[in-house]
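Number of protein chains: 2
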Amino acid sequence: MVLIQQQRSWSTRLEGKKKRLAEVAHLVNGVTIPTEIIVDVLELLIKPGDRVVLEGNNQKQASFLSQALVKVDPERVHDLHMIMSSVSRPEHLDIFEEGIAKKIDLSFAGPQSLRIAQMIEDGRLVLGDLHTYVELYGRLFIDLIPNVALVAADKADRFGNLYTGPNTEETPTIVEAAAFRDGIVIAQVNEIVDELPRVDIPGSWVDFIVEADEPYELEPLFTRDPRHITDIQILQAMMCIRGIYEKHGVQSLNHGIGFNTAAIELLLPSYGEQLGLKGKICKNWVLNPHPTLIPAIETGWVESVHCFGGELGMEKYVQARRDIFFTGKDGSLRSNRTLAQLAGQYAVDLFIGSTLQMDAYGNSSTVTKGRVAGYGGAPNMGHDPGGRRHSTEAWYNMMTSQDELARGKKLVVQVAETFQDANTPVFVERLDAIDVKKQANLAVAPVMIYAEDVTHVVTEEGIAYLYKTDSPAERREMIASIAGVTPLGMENDVKRTKSLRERGLVAMPEDLNILRGEANRSLLAAKNIDELVQWSGGLYEPPSKFKSW
Amino acid sequence: MVLIQQQRSWSTRLEGKKKRLAEVAHLVNGVTIPTEIIVDVLELLIKPGDRVVLEGNNQKQASFLSQALVKVDPERVHDLHMIMSSVSRPEHLDIFEEGIAKKIDLSFAGPQSLRIAQMIEDGRLVLGDLHTYVELYGRLFIDLIPNVALVAADKADRFGNLYTGPNTEETPTIVEAAAFRDGIVIAQVNEIVDELPRVDIPGSWVDFIVEADEPYELEPLFTRDPRHITDIQILQAMMCIRGIYEKHGVQSLNHGIGFNTAAIELLLPSYGEQLGLKGKICKNWVLNPHPTLIPAIETGWVESVHCFGGELGMEKYVQARRDIFFTGKDGSLRSNRTLAQLAGQYAVDLFIGSTLQMDAYGNSSTVTKGRVAGYGGAPNMGHDPGGRRHSTEAWYNMMTSQDELARGKKLVVQVAETFQDANTPVFVERLDAIDVKKQANLAVAPVMIYAEDVTHVVTEEGIAYLYKTDSPAERREMIASIAGVTPLGMENDVKRTKSLRERGLVAMPEDLNILRGEANRSLLAAKNIDELVQWSGGLYEPPSKFKSW
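Heads up: the sequence lines are chains A and B, in that order.
Counting along the first sequence from 1, when you hit position 493 you're at 493 in full-length UniProt numbering, and nothing is skipped either side.
Counting along the second sequence from 1, when you hit position 387 you're at 387 in full-length UniProt numbering, and nothing is skipped either side.
Since the hints were made in silico from the structure, they are not lab data.
Honestly, I wouldn't trust all of these hints.
In this list, chains with the same sequence are indistinguishable; a pair is considered to hold if it fits within one copy or across any two.
Below, a list of computed lysine-lysine pairs in the BS3-like style, where the Cα atoms sit at most 25 Å apart [claimed, not checked]:
id: 1; residue 1: Lys280; residue 2: Lys247
id: 2; residue 1: Lys545; residue 2: Lys495
id: 3; residue 1: Lys18; residue 2: Lys329
id: 4; residue 1: Lys278; residue 2: Lys19
id: 5; residue 1: Lys437; residue 2: Lys47
id: 6; residue 1: Lys329; residue 2: Lys19
id: 7; residue 1: Lys468; residue 2: Lys545
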């Protein structure tokens, strides 16, 4: 029953691309777009209704290209479907106000989360969906295949080969999705040079390069000044080290952004050393080059660090600590958001992050009323990967059943103080995310980490070992027992808490031999940015906003 | 408390690499290793105890390099820790017999699964662990960082740039882990040319190329001859199309290897067309270029296909159907196992695969007694990804709860006939995997797909909609009702099955308006390889072992 088919073209995408390229042929010099005519060229290369990936990374922003996109004529370029892992610059939303773009799929909208929520409500922007980073990347190869990719690199040569240097981040993944599907790839670069230090992306994947009028925007998103670490955060860090890292033998891990994890990093060379834990915990890391990790690296705690992206000011330090980081032949960092997220999902013992809101069963979210913040990488690394099959000490340690098919679990730790501020308890009966679902017209409530994935909750009161129970009622009691004077915390009484402690379901600092009075800033390996610079032997060069001298 | 540190070198990996490179400098021509001295060069570049990634891909094998490795002097090169996604060639295990290698971490050992099990038992090989592909790749950046990577490519230029063509598979990921950590990357190539059709891997990531004495081994692993598709498989395929794909609106999907999924592919242009489903289901695919997908492509069912690897004989067809596949500027396929697995995990509605053994609750495994087969990609794609946050029709359709935080689920379908052969029921009380755990000294039993992830089980008797219940007892009843005359199947009676059918927990063919008598080979869009060639207009060039003419 072989049927004779109608004649049809099987290369419409390629033909469409060729037509677009022909329209700009008289304007460009080979692969180079002259800086000053970028808007004209974009108006010819991008067509109404196109799916456009605009590189708004976690740190690196294709800022020259986004500023150009907002200037195109909406009569000529409109109804774009934008795909952006991070919505962080004003023009990322201005293109919707201007009528250039219509729909968006994204991962993270931290700085623009209020405005985006308002625009959805006003019908000025259609939200496709919220994603964790690698989920959005996956869709680039399935049902969100892009027509155009607008990305940023450090340098290009005249063949269009790209050097992304320490800030490779998601660029190769975005480029691959467009380049191998007859999409158009345009890379803004800080400079065009004769010879690249190394090639991060081959020129045969790139259609055009354009020298930007100024270097791409780069945010030092992962830098935390130790001056702002509080005694409570130090107490929580001590509990994490004793009651989780040591207890379960955590060797490989990811630390999220925040002062809580910065405190842990800065306690390893002091408190961790006193406990004799060096070489036993925290050896293999997946995280950006946090400046607060410098003392632990210098004292020999860290064997390896694989990075999602770079961190402003850490370039020389990374280069000089080549045994620890992934670097290219040129000596500078090679980051890769996709591979780091994959490793962070499947290959580490533990994910730890902070949360702003948690319900009584352990579901948590950083969205609060009126904000569509998105997720970033947390859902990917903060869940128990169902496809994992290898065992490590810490993973195996989470096994609580005697069943012949029982397996371990990834450690997913959520740290929170019981109150966000004097009047706002972290522990609530109902997450704000449920209202955001309605407001933003989402199919499901935007939960960051689901209760079923959380193994430990840490507050200033103690640790709840949630992995030890399957009972929702018992989970609630455990969380209540460390929820302080929040309404949830008031549900518990001393007697019940005592019983939970005796059964090992909850631990207070004294159960871990931690004296609350000892938890203070004198334990920090570095108390400010200047001391981090000293630890680095002057190699760390903090951005000026972090300098107090 | 900044401490003055002891002087230490932070570039021991780089220094070690430079030393090794110096030792072979007099033997090589720039980046080129002369073919005939590969064994001598390997003896100098690889040191005892090294972690070595040897590209044993699903299809593509670095066969020249593996044949060379088995010839090195075990006095000089020994105790290697091998990392291989697929153990498929005899010399992959010979290196352990010879004392060259000691430990192995792997994903799949299909063809060598009996021998590897015996070698573990005899203490001739230390098994690290079994992994799904991307899990193993993740560890390359965390705790299994390689010293040496031995890979295969189609062509190289004299700068070491690599063209992997249709068979890119896992090569870029392996190379990245070694290249950016001062490891040594050696690529065997079929030929060295002046100009590459395109660059898949930049030369600055590669240390050496070597022209192989013969082209790398390539297995047509995904080709299924429609001649061998049975009427029972056709019945099951009809049930899948009606009772799963149509019912839930499955638009994006992965098909595993096998005759069951080949039958579905070949029914789309016939049975699927009759049902009016074109354009409604099966639009975006992640799978290798299966020849059995040709009729569906030709009749306009398929919008896109992203591939893990290539398939022998499909090269010209893919090139001529550029609108459907991911191709490079040279027109040939660009596959990428890592990205396809990521997309297959996070971005598709459904995974469907076959199993050899399933317990009464839905846990399944393809391991049988005495075999350490590993997993391949099934655990990664055959689980509900806990990090997924976007919604699609099919995913949302799996939601059974009214809870405010309820979400959808990925569809994970397991297809099996009730008996493997006349005496071996597929449904068992206890998986053989539990004994393999002991035999191979594994921490946990090697389960391929866990019950909690399986949403549908399909046998020749009917479909069990497992996602509709959380009760283990009810799951057991549902599976029993479609388990035929296996011991498990005998537990159920007609009355109970009737009740399950009425409640929509189970569907028999007649519930789906499928007449068993209509399920026969006349429905197949192609009944043999020759008809597939005809459908392709002569573009598909089957390997000779599939030719009957």
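Verification of the supplied hints:
no., hint, verdict
1, Lys280 / Lys247, "within (11 Å within a copy, 52 Å between copies)"
2, Lys545 / Lys495, "neither (50 Å within a copy, 75 Å between copies)"
3, Lys18 / Lys329, "between (36 Å within a copy, 12 Å between copies)"
4, Lys278 / Lys19, "neither (61 Å within a copy, 30 Å between copies)"
5, Lys437 / Lys47, "neither (32 Å within a copy, 57 Å between copies)"
6, Lys329 / Lys19, "between (39 Å within a copy, 15 Å between copies)"
7, Lys468 / Lys545, "neither (44 Å within a copy, 55 Å between copies)"
This entry does not satisfy hints 2, 4, 5, 7, going by the numbered hints stated previously.
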